[in-house]
Amino acid sequence: MTGIKRILARFGFVYRAASFCYQALRRAAGWLFCLYPLQRNKIVIDNFCGKGFGGHPARIAETLLENDLPVDIVWLTADRDAPLPEGIRRVEYGSLRALYETATASVWIDNVMGALNAPKRKGQLYLNTWHGAGIGLKKVEAAVEEYLEPAYVRGAKKDAEKIDYLLSATRWQDEEIRTSFWYSGKTLPVTYADVKSPAERRRTAAEVRRFFGLPEDVSLVLYAPTFRGTGDTACFRIDYPALLAALEQRFGGAWKALVRLHPNDAGRQGIVEYAADVLNATDYPDIEELIYACDLLITDFSSSFFDAMRFGRRSLLYAADYEDYIRRERPLWYDIRQLPPPFAGDHAALLEAVRRFDDERYFAEAKAFAEGVGYYGDKKDLSAVLKVLREQIAGG
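Just so we're aligned, residue 3 is where the sequence shown starts under this note's numbering, counting upward by one.
Keep in mind the hints are simulated off the structure, nothing from the lab.
Taking lysine-lysine pairs in the PhoX-like style, the calculated list, with each CA pair at most 25 Å apart, reads: (1) K44 - K124; (2) K122 - K188; (3) K382 - K198; (4) K164 - K124; (5) K122 - K164; (6) K141 - K159; (7) K160 - K188.
Taking CB as the label site, the calculated pair distances span: (8) L34 - A350: 56 to 66 Å; (9) L150 - A268: 15 to 25 Å; (10) K188 - N282: 33 to 43 Å; (11) K188 - N266: 21 to 31 Å; (12) D241 - P85: 29 to 39 Å.
Beta carbons are placed, not taken as given, at the ideal position from N, Cα and C, and that holds for glycine.
Taking the hints into account, I'd like the entire structure generated from these sequences.
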């Protein structure tokens with residue numbers, strides 16, 4: 003072994019030892035904080051491991067505020083500047099303070115498995131919303147256990163044992179929970195938000211454009227691919243000038259692109275070359291707002307296109323690594339080449355799919371597909387969640 007290798011090996015040992023000690027101290031602190039009394043009105047919320055205010059947990063938080071429940075809502079976020087509604091406390095995700103808040107909260111709400119990473123005490127209630135659209139494309143959790151890291155599987159199984167209710171937005175999701183999660187507990191039927199009217203869509207679209215400093219008359223294409231466990235990002239490459247030109251040719255007007263990478267890829271550099279016409283939307287907290295605001299969603303294996311179809315937005319599927327993905331990453335519930343959105347397996351096909359996009363066919367097929375999924379409603383309905391939370395806060 004060379005001198006350099008010996009040095010690296012020594013530092014690697016030091017890093018592993020320090021990491022082990024840190025985790026041991028966190029676990030000890032977590033149990034120590036459990037000695038403090040539970041605060042019956044405190045609710046701790048996480049959105050995808052420290053993201054800002056968004057996702058299904060945000061819809062629950064909004065409902066709590068709208069109903070003026072006497073609660074102390076704590077939002078765990080890694081972004082100190084992420085805007086939060088009045089009435090919600092910000093605590094740094096992963097901090098010792100977050101561990102204390104979690105240990106003393108009466109209620110936990112999360113949309114991923116294992117992110118809160120704290121001992122669950124007798125008398126605490128844990129709701130998990132998951133983060134899909136009520137229907138998924140790629141198989142998840144127990145359905146693809148052999149594709150997942152063993153450490154993740156162990157953590158997800160332990161987390162599933164803590165969950166009191168998994169929330170479901172569709173009859174399809176009811177079945178997925180039973181077959182694809184390490185969970186055999188109760189579910190709650192929910193509709194997280196109204197399907198917006200045309201006027202409401204226009205307001206949301208205007209708000210998103212203002213956020214990015216764009217004029218209201220510019221059209222938007224949103225590119226929101228899912229992550230690749232292999233680390234390969236070559237499949238994300240798009241010739242944006244050519245894409246925008248094809249969009250202008252097919253639909254007219256001026257176009258700009260928003261790119262929202264999956265949280266697993268958010269910290270990686272060089273995946274996209276941003277420019278005046280290609281804007282970074284990865285840190286925008288609420289993908290539903292982006293979907294409502296865009297005039298076309300392009301994704302691959304993400305469930306976001308199901309939302310686009312339900313919301314009356316155009317969508318298109320682009321996966322240059324389709325065969326490789328289902329062989330190396332994970333299998334799918336559906337053959338994406340047979341779904342309502344047009345499918346493109348290479349860049350030339352993507353541009354051609356844009357130029358030949360058939361609005362009449364797409365919207366008719368999307369509506370029929372959404373009806374078959376079995377959504378619990380088109381109007382926001384979190385009454386089942388509110389009932390459970392009221393009882394918990396009251397000490398029931």
